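Student: Sequences are here, hints too, so could you generate the full structure?
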Amino acid sequence: MTQSIVDTLSSLKVIPVIQINRAEDAIWLGEILTQNQLPVAEITFRTPAAAKAIKLMHEHFPELILCAGTVLTAQQADMAKEAGASFVISPGYNPSTVDYCLNNGINIVPGINNPSQIEVALERGLTLVKFFPAEASGGVKMLKALAAPYAQVQFMPTGGISLNNVSDYLAIPQVVACGGSWIATADTIDKQDKQTIVKHIQNIHSLLKTDKG
1 MTQSIVDTLS SLKVIPVIQI NRAEDAIWLG EILTQNQLPV AEITFRTPAA
51 AKAIKLMHEH FPELILCAGT VLTAQQADMA KEAGASFVIS PGYNPSTVDY
101 CLNNGINIVP GINNPSQIEV ALERGLTLVK FFPAEASGGV KMLKALAAPY
151 AQVQFMPTGG ISLNNVSDYL AIPQVVACGG SWIATADTID KQDKQTIVKH
201 IQNIHSLLKT DKG
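Residue numbers (the working numbering): 1 to 213.
Calculated directly from the structure, the hints in this document are not laboratory data. Some hints could be false.
As the list claims (entries may be wrong) - No more than 30 angstroms apart at the CA atoms, straight line, and that leaves these computed lysine-lysine pairs for DSS-like:
id, residue 1, residue 2
1, Lys81, Lys52
2, Lys199, Lys52
3, Lys212, Lys144
4, Lys212, Lys81
5, Lys191, Lys52
6, Lys141, Lys55
7, Lys191, Lys212
8, Lys194, Lys141
9, Lys209, Lys194
10, Lys52, Lys194
11, Lys194, Lys212
12, Lys141, Lys212
13, Lys199, Lys55
14, Lys209, Lys199
15, Lys209, Lys81
16, Lys199, Lys212
17, Lys55, Lys194
18, Lys144, Lys55
Remember, predicted model here, so these are calculated numbers, not experimental data.
Tutor: Below, the structure is given as structure tokens:
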């Protein structure tokens, strides 16, 4: 992972985690993210439309930082990179997928939720990991305990995070950014409920401004 991408993610703080059922919805979603100063998206491979959605968003909004989520196989990692994703994220640590990515120039952020998985990641030279599922794995208290012995590791918590608890995660120094699926849910995307998505993004900006101030 390039330091410039990590720095940008750190400045944005929150990454919309998006499940798209119709690839063409990626175009208006990308426009909303760009216009509302949240130029980042994790498009999950939970639907067949994922790769095409990443490709469309990348073609129309090359300034967006795009990553592919729920990447479970080497084939999906290849599809994500070819579509324009800057990196891929997996929900767990699959040694085969991780090694394939490392050997083929694909940036990967593997999922972890215990010390053993962190040490496996470190052994492979990975210092940025996804803490997933965050709330179900013990939340902020668990992440603080995990982070303490591994000062060199940075985390991207995802899973159960909302506007109500995201500040608690971001207060942990080793957290780069949090993944948020509440920002643009599959339902709001299917309904093309642009107003709700914009409101959620504005709420994030207001919260981050309050936290900073």
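Student: Is the Cα-Cα distance between lysine 191 and lysine 52 30 angstroms or less?
Tutor: Given pair lysine 191, lysine 52 holds - Cα atoms ~19 angstroms apart, limit 30 angstroms.
Student: Does lysine 212 lie within 30 angstroms of lysine 199 when you go C-alpha to C-alpha?
Tutor: 20 angstroms, holds
Student: Run the distance test for lysine 55 versus lysine 194: straight-line Cα separation, threshold 30 angstroms.
Tutor: 21 angstroms, holds
Student: Does lysine 81 pair with lysine 52 here, judged by a C-alpha cut-off of 30 angstroms?
Tutor: 12 angstroms, holds
Student: Decide if the proposed pair is consistent with the structure: lysine 141 and lysine 212, CA atoms, cutoff 30 angstroms inclusive.
Tutor: Cα-Cα ~22 angstroms, so holds.
Student: For lysine 209 and lysine 199, compute the direct alpha-carbon distance and say whether it is at most 30 angstroms.
Tutor: 15 angstroms, holds
Student: Does the alpha-carbon distance linking lysine 209 and lysine 81 stay inside the 30 angstroms limit?
Tutor: 33 angstroms, violated
Student: For the pair supplied as a hint, lysine 212 and lysine 81, confirm whether the alpha-carbon distance does not exceed 30 angstroms.
Tutor: Roughly 34 angstroms separates the two Cα atoms, so the pair is violated.
Student: Is the straight-line distance between the alpha-carbon of lysine 199 and that of lysine 52 30 angstroms or less?
Tutor: Between lysine 199 and lysine 52 the Cα gap is close to 26 angstroms, so the pair holds against 30 angstroms.
Student: Against the 30 angstroms threshold, does the CA-CA distance of lysine 194 and lysine 212 hold or violate the hint?
Tutor: Holds, at about 27 angstroms.
Student: Hinted pair, alpha-carbon criterion (30 angstroms max): lysine 141, lysine 55. Please report holds or violated.
Tutor: 38 angstroms, violated
Student: Taken at face value, is the distance from the CA of lysine 194 to the CA of lysine 209 at most 30 angstroms?
Tutor: 23 angstroms, holds
Of the numbered hints listed earlier, those contradicted by the structure are 4, 6, 7, 8, 15 and 18.
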